[in-house]
Amino acid sequence: MKQNTITIDKAQFEKINRLVGELNRIFKTISGDKPDTPLYWSGSKSDLVELAYGILETKRFNDGDIDIQEAVRHLSEIFSIPIQDCYDVFRAIRRRTDSRTLYLDEMKARLNQRMDDMDNGIFKKRWK
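Counting from 1 along the sequence shown, just add 583 to a position and that's the residue number in this note's numbering.
These are calculated hints, taken from the structure and not from any lab test. Just so it is clear, CB atoms sit at the ideal spot from N, CA and C, and this is done for glycine as well. Among the hints, erroneous ones may be present.
Mimicking EDC-like on lysine to aspartate or glutamate, the simulated pairs with C-alpha atoms at most 20 Å apart in a straight line are [as the list claims (entries may be wrong)]: (1) Lys-611 x Glu-660; (2) Lys-628 x Asp-702; (3) Lys-642 x Glu-653; (4) Lys-628 x Glu-653; (5) Lys-628 x Asp-646; (6) Lys-642 x Asp-688; (7) Lys-691 x Asp-702; (8) Lys-628 x Asp-681; (9) Lys-628 x Glu-640; (10) Lys-691 x Asp-650; (11) Lys-642 x Asp-630; (12) Lys-628 x Glu-689; (13) Lys-628 x Glu-660; (14) Lys-628 x Asp-668; (15) Lys-593 x Glu-605; (16) Lys-691 x Glu-597; (17) Lys-691 x Asp-681; (18) Lys-628 x Asp-671.
Just the calculated beta-carbon pair ranges, DEER-fashion [to be verified]: (19) Gly-615 x Asp-592: 32 to 42 Å; (20) Lys-593 x Leu-685: 45 to 55 Å; (21) Ile-661 x Ile-589: 37 to 47 Å; (22) Thr-684 x Val-603: 24 to 34 Å.
Sequences are here, hints too, so could you generate the full structure?
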């Protein structure tokens, strides 16, 4: 019995491999497979809106081709926190008298502190 064989090069193999990975991700999404630990936002709504605006302004969602309402809607769904009017939340952020980017400032400070701690050998594991 004669067998049919197909020859593919490395680039084609890698392309097929990426496609299979993407199809697996899509199938998991369709089938409703969820991570073991649910992800929820434990900060304030203004923290999440501030983060969304920061991500939007740096064009990290869809290369900037998305409006703020859609970005906030996605984040709101992902983190299970209802945000009805992101514009109203943003107006409150703009009215702050001290830093208007409190959450982003805190993120930056804590990440820098973590890296400094690691550099100085005093890093403690914070995640499981």
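Status of each hint after checking the structure:
This hinted pair checks out: Lys-611 and Glu-660 have alpha carbons roughly 18 Å apart, not beyond 20 Å. For the given pair, Lys-628 sits about 33 Å from Asp-702 by alpha-carbon distance, which is inconsistent with the 20 Å threshold. For the proposed pair Lys-642 and Glu-653, the alpha carbon gap of about 14 Å is at most 20 Å, so the pair holds. Between Lys-628 and Glu-653 the CA atoms are separated by roughly 15 Å; this keeps the pair inside 20 Å, and the hint holds.
For the suggested pair Lys-628 and Asp-646, the alpha carbons sit about 24 Å apart, so the restraint of at most 20 Å is broken. Annotation: proposed proximity of Lys-642 to Asp-688 holds, straight-line Cα distance about 19 Å (limit 20 Å). Between Lys-691 and Asp-702, the direct Cα distance comes to roughly 16 Å. Compliance with the 20 Å bound is thereby established for this hinted pair. A C-alpha spacing of about 18 Å is found between Lys-628 and Asp-681, which places the hinted pair at or below 20 Å, so the restraint holds.
The hinted pair formed by Lys-628 and Glu-640 meets the criterion: a straight-line CA distance of about 18 Å does not exceed 20 Å. Only pairs whose Cα atoms come within 20 Å are accepted, and Lys-691 paired with Asp-650 is rejected, the gap being roughly 25 Å. Of the supplied pair hints, the one linking Lys-642 and Asp-630 holds, its CA atoms being roughly 18 Å apart against a limit of 20 Å. For a cut-off of 20 Å, the pair hint linking Lys-628 to Glu-689 stands: about 15 Å separates their Cα positions.
Restraint check for Lys-628 and Glu-660: the C-alpha separation of about 13 Å stays at or below 20 Å, so the hint holds. Restraint check for Lys-628 and Asp-668: the C-alpha separation of about 10 Å stays at or below 20 Å, so the hint holds. Restraint check for Lys-593 and Glu-605: satisfied, since their Cα atoms lie roughly 18 Å apart, inside the 20 Å limit. Between Lys-691 and Glu-597 the CA atoms are separated by roughly 37 Å; this puts the pair beyond 20 Å, and the hint is violated.
With a C-alpha separation of about 17 Å, the suggested pairing of Lys-691 with Asp-681 holds against the 20 Å cut-off. Note on Lys-628 and Asp-671: the hinted pairing holds, with a Cα-Cα distance of about 11 Å set against a maximum of 20 Å. Checked against the hint of 32 to 42 Å, the pair Gly-615 and Asp-592 passes, with Cβ atoms roughly 37 Å apart. A hinted range of 45 to 55 Å holds for the C-beta pair Lys-593 and Leu-685, which are about 49 Å apart.
Range check, Ile-661 to Ile-589: Cβ separation about 40 Å, and the 37 to 47 Å hint holds. Against the hinted window of 24 to 34 Å, the Cβ-Cβ separation of Thr-684 and Val-603 comes to about 41 Å, which falls outside the hint.
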